[in-house]
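Chemist: Join the two chains, each given in its own frame, into one complex according to the hints.
Now for the letters of each chain:
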Amino acid sequence: MNNIFVYCEITDTGIVADISLELLSKGRKLADRLSVKLEAIVLGNNLKDVKKQLSYYGVDTIYLAEDSRLFPYLTLPHSSIVVDIIKKEKPQIVLFGATSIGRDIAPRIASALRCGLTADCTSLEIGDYSENKTGKVFKNLLYQIRPAFGGNIIATIVNPKTLPQMATVREGVMKNEKLSQPSNPQIKNININNIVDDKDFIVSIIERHIEAKKVNLNAASIIVSGGYGVGSKENFKLLFELAGLIDGEVGASRAAVDAGFVDIDRQIGQSGVTVRPKLYIACGISGAVQHRAGMEESAQIISINTDPDAPINKIADYTIIGKISEVLPKLIKFYKEKSK
Amino acid sequence: MKENKKFRIIVLAKQVPDTRNVGKDAMKEDGTVNRAVLPAIYNPEDLNALELALRIKDNNPDVEILVLTMGPPRASEIIRESLYRGADKGFLITDMRFAGSDTLATSYALAMAVKKLMPFDLVLSGRQAIDGDTAQVGPQIAEKLNIPQITYAEEITDINKNEIIVKRRLENGVEKVKSTLPALVTVHSSAPDCRPRNAKLIMKFKHAHTPSEEVQKEYSQILNNRSSLIIEQWSVDDINADTEMLGLSGSPTKVKKIENVVLQHKESKVLTNSDEDIKGLMNKLISSHIIG
Chain A
1 MNNIFVYCEI TDTGIVADIS LELLSKGRKL ADRLSVKLEA IVLGNNLKDV KKQLSYYGVD
61 TIYLAEDSRL FPYLTLPHSS IVVDIIKKEK PQIVLFGATS IGRDIAPRIA SALRCGLTAD
121 CTSLEIGDYS ENKTGKVFKN LLYQIRPAFG GNIIATIVNP KTLPQMATVR EGVMKNEKLS
181 QPSNPQIKNI NINNIVDDKD FIVSIIERHI EAKKVNLNAA SIIVSGGYGV GSKENFKLLF
241 ELAGLIDGEV GASRAAVDAG FVDIDRQIGQ SGVTVRPKLY IACGISGAVQ HRAGMEESAQ
301 IISINTDPDA PINKIADYTI IGKISEVLPK LIKFYKEKSK
Chain B
1 MKENKKFRII VLAKQVPDTR NVGKDAMKED GTVNRAVLPA IYNPEDLNAL ELALRIKDNN
61 PDVEILVLTM GPPRASEIIR ESLYRGADKG FLITDMRFAG SDTLATSYAL AMAVKKLMPF
121 DLVLSGRQAI DGDTAQVGPQ IAEKLNIPQI TYAEEITDIN KNEIIVKRRL ENGVEKVKST
181 LPALVTVHSS APDCRPRNAK LIMKFKHAHT PSEEVQKEYS QILNNRSSLI IEQWSVDDIN
241 ADTEMLGLSG SPTKVKKIEN VVLQHKESKV LTNSDEDIKG LMNKLISSHI IG
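Protein chains in written order, with my numbering: chain A, 1 to 340; chain B, 1 to 292.
Simulated from the structure, these hints should not be mistaken for lab results.
Among the hints, a few may not be true.
Result set (SDA-like, lysine to any residue): computed pairs, CA atoms no more than 20 angstroms apart in a straight line [claimed, not checked]:
#, chain 1, residue 1, chain 2, residue 2
1, A, LYS278, B, LYS269
2, A, LYS323, A, TYR335
3, A, LYS199, B, THR180
4, A, LYS233, A, ASP263
5, A, LYS214, B, ARG169
6, A, LYS161, B, LYS269
Being a predicted model, the structure only gives us computed values, none of them experimental.
Chain B extracted, bound-state conformation (with noise of 0.2 angstroms):
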């Protein structure tokens, strides 16, 4: 991949609230999710996406890895993460008209700012977001984009200016793909986990912050003329995006109910493990042909 211009790649990151590890205060009275008990993480597989993105930086100095978010202006804090990590440079998407996206909107208001990053070789995000689990933004992406998508992506086996190669974890095997580039690719957990930060990119990036961020004053005359530590900060008219087609009017599905998770009691009875209560339950069980 030797040419004047770096070879481009753009990674897709998404800040979301763990949803993992959701404690019994996370969840309202009424139902409703409690966003502010949740720490905002870095989506688990954009993690794995960005490694292998920084796979291919390590093998070939003339690439360059842009990360691109899209979020609140606290979601600059997986650009910063992903600088100590080794990314080049980061843009956040925010403006108020983006809420209430759905992945419709969500994917336009994406491939608009991606095609500001035009020309780019390679889009690489992860298979999903852990607070939605649609997976359905990268492909919509792709499509928009008109560049192929190649889904589930455990491994980059070989890539080049022009063509790369994909081994793609399915639910009952492997595949491994080839496809022209520019592609997009979305990346699974089977992936390799992310590199940790580097000591000196953090000395190097703590710094870096978008134009809306505060900075400490006797630095900011410094840190303004560096470009390297400016975040750039987009809005939908940055874009050149049409907000009739972003939030709730660019978003073609509505809930129309949220329900908390209630258990449905049923008249449990409850047995000891003595040997007549589970002679007595497994005889009933023959007999009523549940067993056997």
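Next comes chain A alone, as it looks inside the complex (with noise of 0.2 angstroms):
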């Protein structure tokens, strides 16, 4: 009863996604800020190397099921599961990615048991909340903190009077912290057939074509960004010049996208992936709030603009005044010199 429980993704190769080993990492402290256990749901086909993985998360108890119907992930048999072991286990929180997968799930969830959701948050933290009418104080609600109206403001959201209190969470805005020593979890089967019929398979996989990550804009410690202000496909060469000359990787701001400059892909910020690398080299970013978002929590920032005025300059620990086409050769020339 009232402990926090993290729904886990699969993935092809049969381990628990990483947005669900980050929900995991933040789901431990918030159970051992409200002392109770941390719970998974697991559900899936041959999932033997699980408990192992999870072992190393804190987990105090994994509800596993596994039958071959269960992976891939259809909506229904999953939802009706989850469903089931939050009405007997009464979990006070319910974490989702918000992914594919999440956001697919977390609101027929939502929508059975009727109690909130907050879609896309990258923060989550817990406190109190005084209704604005009685003055009431419920002490201890998850606020679940996301970006709204276009990335445009913040807004805390909570659910004082529903449970469970459920969130989506993004993609790599929770740390992964992985302990280096084990615990034991307890593993508990469900027996799904007891849960689900045939009305739940009504909607059939035919066929599936899933790539792998080909660019892995999480684990990358540099990241050298462009936006439009690069200009050109042509001159995106430079910043792969250059990234690949210091280990990193290139990313890029929706507007750079949207020109075809590159692959959506390496698209960082509210609409692409949440980065937070040692050093972020933003090429010819303005730095609207959408691509902020992804990328204000870099430990250093280099902004390369023409503009003294753009927004980015305000979050970059170094300004450089310049050209993209000028500034970047001089960095390869240096760092080449220096390196030898």
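Modeler: This is the structure we're talking about:
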């Protein structure tokens, strides 16, 4: 009762996805703060490595269902099973990834349970809430914090009167914090035949092409990122050259992606990925709120821009006023000289 | 899909403020949104949904497309926009008692309105609306109607009276799924853009109006006799909704706080593009092991 649950997504290689590990890392902290247990829901097929994997994330209990019909993910059987578990176990918080799967299953579950759900959170905290009308204070609620209105405002949402409090969280915003010592999670096997019926399988997958991520911006410790100011696909080659030299990855703003300079899998920001590298070199990026939302936690930021008043300069540690076509070749040249 | 009854598609559409082009005057001093200066548009992915519906109708005259929207009275604008592109009829649910509804309460209201349009074969809507980006209302309506949902549709590759095959766009690939009908399908922005307005349809429907909209007097007699030009307008009572499940009382989520996005000023060091400045920076990055 009253514990924190994380719905875990399973990858094609049969392990728990990164986003779910990030949620478990955050879930562990929230559970400690509230002195409750952290429990994971894992539904799939051939999940033999999952117990070991989750033991490094401080999970107390794993609700496990293994059945060939549970992988790949289908909305109806997965939501029926999760609804059943929530009704029996009555968690206070349930977290999902803000992914293709999480954003599909979470609203269906919220509707079935008639509970609150906040999409695409970028931060989760615990705190109190006093109701304006009555002055009644609700203790230790989950603050679900998310950008709204196209990233122009940040809203804090609470669900004071209904349980569970549910949220989806964007990939990359919570840190993946693997523990050095494993714990020993208890496994609770779920007999799904008591829960699902034929009606849950009226949607079937007839074809599936899943590609491994070509670009892993989340794992990069240095990102050389370009905006509309880079000017062309041709000029982006300079960014790739610098990134290649300093062991970085190339990212982009939405404007650069929309202009066709680079592929969408490199997009950083509210509608792309969220990153927190050691070094972020922003080339020709003006720094709209939607972009900053995805990179402002970078440890060091260098902005290269012809406009001294570009908003991104205000969050940069260094601002170089100049053209990309002049500054990048110099950075490349001096790096080569020094690293010889 | 030959039968006496027409194959009924309900398209759920929303009028939204255009959050993609938010200018400096769009935010008030106190950090709230100045909706008045933002143009109201047809939610982009709902237009993709309308296009997928129109393509089904292109291939089969026994299809009827009903557009349903919830919003203030002026949201009838997007119903007319739908009629200009080939939809058959529009329904506006509008009532002050809907105000303050979160996604759960909104999905309840829309599900009650869809039930009034039964029997339907397919419900189509955009994946998400750009003013909230939650993508929750579609799946929540599907659950309330007790029908399957297929999210992120890019293409309907096959459809007949009983079944639909949909290509879904996922973050890391594509998937083709088959479902029985009725079903609810949410449409992704990678689906084809909606066709432009049709000149003949503009002529036909430009006077389409809700009962609360004023029509030029000389036309009113004729218009009110022509049912195709009436956009039906429904209140809470018309859709048999329980007011407790609407608005603030029907919304489990509450907004605790809204903050403007403020830039955290850092002491930014400004450099020129001289060799000296750039060499100095690169040496510093290397010696502090940030690079290399």
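Chemist: Does each hint fit the structure? Answer for all of them.
Modeler: Hints versus structure:
no.: 1; hint: LYS278(A) with LYS269(B); result: holds (18 angstroms)
no.: 2; hint: LYS323(A) with TYR335(A); result: holds (18 angstroms)
no.: 3; hint: LYS199(A) with THR180(B); result: holds (10 angstroms)
no.: 4; hint: LYS233(A) with ASP263(A); result: holds (10 angstroms)
no.: 5; hint: LYS214(A) with ARG169(B); result: holds (17 angstroms)
no.: 6; hint: LYS161(A) with LYS269(B); result: violated (49 angstroms)
Hint violations for this structure: number 6 only, all remaining hints satisfied.
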